[in-house]
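Asks: What follows is the residue order along each chain.
Protein chains: 2
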Amino acid sequence: MPTPLHRLEAWQAARLLARRELSAEDLLRDCLARIAEREPELRAFTYLDATAALDRAVALDHGPVHGLLHGLPLGVKDLFDTADMPTGYGSPIYAGHQPKADAAAVALCREAGAIVLGKTVTTELANMFPGVTRNPHNLAHTPGGSSSGSAAAVADAMLPLALGTQTAGSLIRPAAFCGVVGYKPSHNRVPRAGVKGLSDTLDTPGGFARSVRDAALLGAVLTGDARLADPALFEPTRAPRIGWCQSPDWEHADADTEAAWFQAERALAGHLLAVELPQALVPLTGIQKAVQAFETARSLSHERRHHAAHLSQALQALIDDGLNITGAAHAHNLQATWLARAAAASLFDSVDVLLAPSSIGEAPLGLASTGDPVFCRSWTLLGLPCVHLPFARGQRGLPVGLQLIGAFGDDHRLMAAAHWVHARLLAG
Amino acid sequence: MPTPLHRLEAWQAARLLARRELSAEDLLRDCLARIAEREPELRAFTYLDATAALDRAVALDHGPVHGLLHGLPLGVKDLFDTADMPTGYGSPIYAGHQPKADAAAVALCREAGAIVLGKTVTTELANMFPGVTRNPHNLAHTPGGSSSGSAAAVADAMLPLALGTQTAGSLIRPAAFCGVVGYKPSHNRVPRAGVKGLSDTLDTPGGFARSVRDAALLGAVLTGDARLADPALFEPTRAPRIGWCQSPDWEHADADTEAAWFQAERALAGHLLAVELPQALVPLTGIQKAVQAFETARSLSHERRHHAAHLSQALQALIDDGLNITGAAHAHNLQATWLARAAAASLFDSVDVLLAPSSIGEAPLGLASTGDPVFCRSWTLLGLPCVHLPFARGQRGLPVGLQLIGAFGDDHRLMAAAHWVHARLLAG
Chain Y
22 MPTPLHRLEA WQAARLLARR ELSAEDLLRD CLARIAEREP ELRAFTYLDA TAALDRAVAL
82 DHGPVHGLLH GLPLGVKDLF DTADMPTGYG SPIYAGHQPK ADAAAVALCR EAGAIVLGKT
142 VTTELANMFP GVTRNPHNLA HTPGGSSSGS AAAVADAMLP LALGTQTAGS LIRPAAFCGV
202 VGYKPSHNRV PRAGVKGLSD TLDTPGGFAR SVRDAALLGA VLTGDARLAD PALFEPTRAP
262 RIGWCQSPDW EHADADTEAA WFQAERALAG HLLAVELPQA LVPLTGIQKA VQAFETARSL
322 SHERRHHAAH LSQALQALID DGLNITGAAH AHNLQATWLA RAAAASLFDS VDVLLAPSSI
382 GEAPLGLAST GDPVFCRSWT LLGLPCVHLP FARGQRGLPV GLQLIGAFGD DHRLMAAAHW
442 VHARLLAG
Chain X
22 MPTPLHRLEA WQAARLLARR ELSAEDLLRD CLARIAEREP ELRAFTYLDA TAALDRAVAL
82 DHGPVHGLLH GLPLGVKDLF DTADMPTGYG SPIYAGHQPK ADAAAVALCR EAGAIVLGKT
142 VTTELANMFP GVTRNPHNLA HTPGGSSSGS AAAVADAMLP LALGTQTAGS LIRPAAFCGV
202 VGYKPSHNRV PRAGVKGLSD TLDTPGGFAR SVRDAALLGA VLTGDARLAD PALFEPTRAP
262 RIGWCQSPDW EHADADTEAA WFQAERALAG HLLAVELPQA LVPLTGIQKA VQAFETARSL
322 SHERRHHAAH LSQALQALID DGLNITGAAH AHNLQATWLA RAAAASLFDS VDVLLAPSSI
382 GEAPLGLAST GDPVFCRSWT LLGLPCVHLP FARGQRGLPV GLQLIGAFGD DHRLMAAAHW
442 VHARLLAG
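In order, the protein sequences belong to chains Y and X.
In the working numbering, each residue carries its 1-based index in the first sequence increased by 21.
In the working numbering, each residue carries its 1-based index in the second sequence increased by 21.
Calculated from the structure, these hints are not laboratory results.
Quantities reported herein were computed from a predicted structural model and do not represent experimental measurements.
Treat each hint with caution, since some may be false.
Remember, identical chains collapse to one label, so a pair may be satisfied in a single copy or spanning two.
To be verified - Capping the alpha-carbon separation at 20 Å, the derived lysine to any residue pairs in SDA-like fashion look like this:
1. Lys121 with Asp105
2. Lys121 with Ala104
3. Lys121 with Pro107
4. Lys310 with Glu272
5. Lys310 with Ala335
Between the sequences and the hints, there should be enough to build the whole structure, so can you do that?
Replies: In structure tokens, the structure reads:
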């Protein structure tokens, strides 16, 4: 039986679309059928415009080939502004809000030929209060967050690609829980204009896909780095040197992550070098928490002044934490961040990438919590590119995986290594 | 003759207002009278709401004291969103645009008791195409940009304080041309949520005032660092150690900046140490240009796709420059930026602050160009806090001054030193 269109990898579909061997309309209709079947249970979307998407698909089929994403359906986390779709940021404060312009990342994807099919569920203002989306592997479990709908939709083959953002662990964690590839590019390589701002030091747009190569294709458009879309990137001439980095937060890992960890050790034997974090990088998890709380509390100054009744208790608590941090302490935390970012460069002196845990374990039961981003916080603070690789199952049968981390700005090298590593993890 | 209310320093007015020895309404009415007299010539505002401001002043006079800016009229560059005033970003694309929420920096100022009187002229999307504002010292000259209206309004005593932003030299240059204090805080200390994003690596909100102490007061609210509002900060127990840093761009300085430079050398004799930039910091001006062009071209993806006819030729040219830079080159520039930011810390090993040129010279004649930000580019790229100190006049009688630069995150130390230095420059 051939692969159904909605399960095609994005890079394969893109190649067929560019050669006119596949029509954007056919691909889209297959994705729409999948969505019609699954969305009532999964609840990945806050808004879906099938008619506009079909019009766009037909226009793409009859016009010139636009770019790398020509004809690919795309889901957009509802934290990105869209000029033609309401954008609610996961908050009742913004119910029905219609922005005037597309976020820059959305405009870049559209320029490259992507078909924005709809807006996907985000947690409240990309924080901890959950949305309605469920985990496609078991509807009783959280999909993770804050990019909940994007991760779930891609995992469930509703769409090949979707946009998300990460401030603590909002790309890597839902990717882990839903069993897809999640890609957080190097900080500031993807424009944030038109994304609801929470933390200037941390917020990073990125995306979800079902393969490393697909995530790299999306990354090529988002970062403008053509190397990420070069097929040669995925035919490496040598194996990557992989740093084996349990991280100072390892004690939080549960049995499922531990099992995946040692499974990876076997699969990658001979290519691993133990890497210990320098002392300067150990306290970063705590610093990230403080930076996020301080900056979120201040970025949401309008909302907390005028719409406090429409903020969840969880977000209100984070804001209160942030307001209790002094500006002097924040300055100190930012200074430490800059020094740590410089120190992190030396992590890659003898390895190409680092392998580290993505999450505590499988997706937690229930929808009340989207899980703990503890294993993502320090990498986000460092601004390093990260990619989650799903390859195992936990005791409840839900996905488990690990993340690979690259040097700042070396996203193409990270993705090349991730492709190599992922193949071995899936085989091993 | 007593100082007219509209010429009071902000910190003095704030003290009187907090003690109820001055009413917000009286102060505001005096500013409004000044605006009525001068605005037809100066054209600093795109929008002014005297009625709402008076309502707010009366409410503040009859309610509790709000915070550090209680009762102070504030101008807001029209690049910051305001929930109750249209926000046009200096572009016909956004004429009449009404945002849903206040930018975070605006909300913080309002929370601290500031009265937002109106929106001030920005150049087109905070870039080089000028607005209609004129220089208050000579209407035939540019006020500088992109924060043109804010600088001119504060210089002309229409308002004690105003918000601006800097991506290349958009705070320091108009401050220099209009003869006011301009303050660019350390990067990411002031939230950018709700400010039209041009360059994530560079964009920095800040403000204008007529004294260092006033700028620090505004900075205390914007950064949340209470030290900036502590009167003890301005009673230093020792003189600052000042690095004497002509900068690699010194060849661009004209006779007026040169004269100011040597005047400062005399006034600060005994406190100056020559500082040479390390080689790593020399190419930063060029890197800043490339980073700005690349990021602006991508941040404005929606506008260039859908509203190209409403972009000026100047902005279109910058966008074209940016689109011609590869993503790989940009990654390299960001890596260089991170290394330079770490290297810059050592500049402050033996000095507290650096003294450097702010502008080529006086404000150029005519309104067609807002001048060249060459002397600001590298400090903006480094993310260091900067403050412009006006103290001299050029050959045409227009203001000239210099900027003081602090270590990252050490804004309070910078402002303390700036207060000390400014007093000596004005005396000497």
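Asks: Each hint should be assessed against the structure and marked as holding or not.
Replies: Results for each hint:
1. Lys121 with Asp105: Both: 8 Å inside a copy, 16 Å across copies.
2. Lys121 with Ala104: both (5 Å within a copy, 14 Å between copies)
3. Lys121 with Pro107: both (10 Å within a copy, 13 Å between copies)
4. Lys310 with Glu272: within (18 Å within a copy, 45 Å between copies)
5. Lys310 with Ala335: within (14 Å within a copy, 42 Å between copies)
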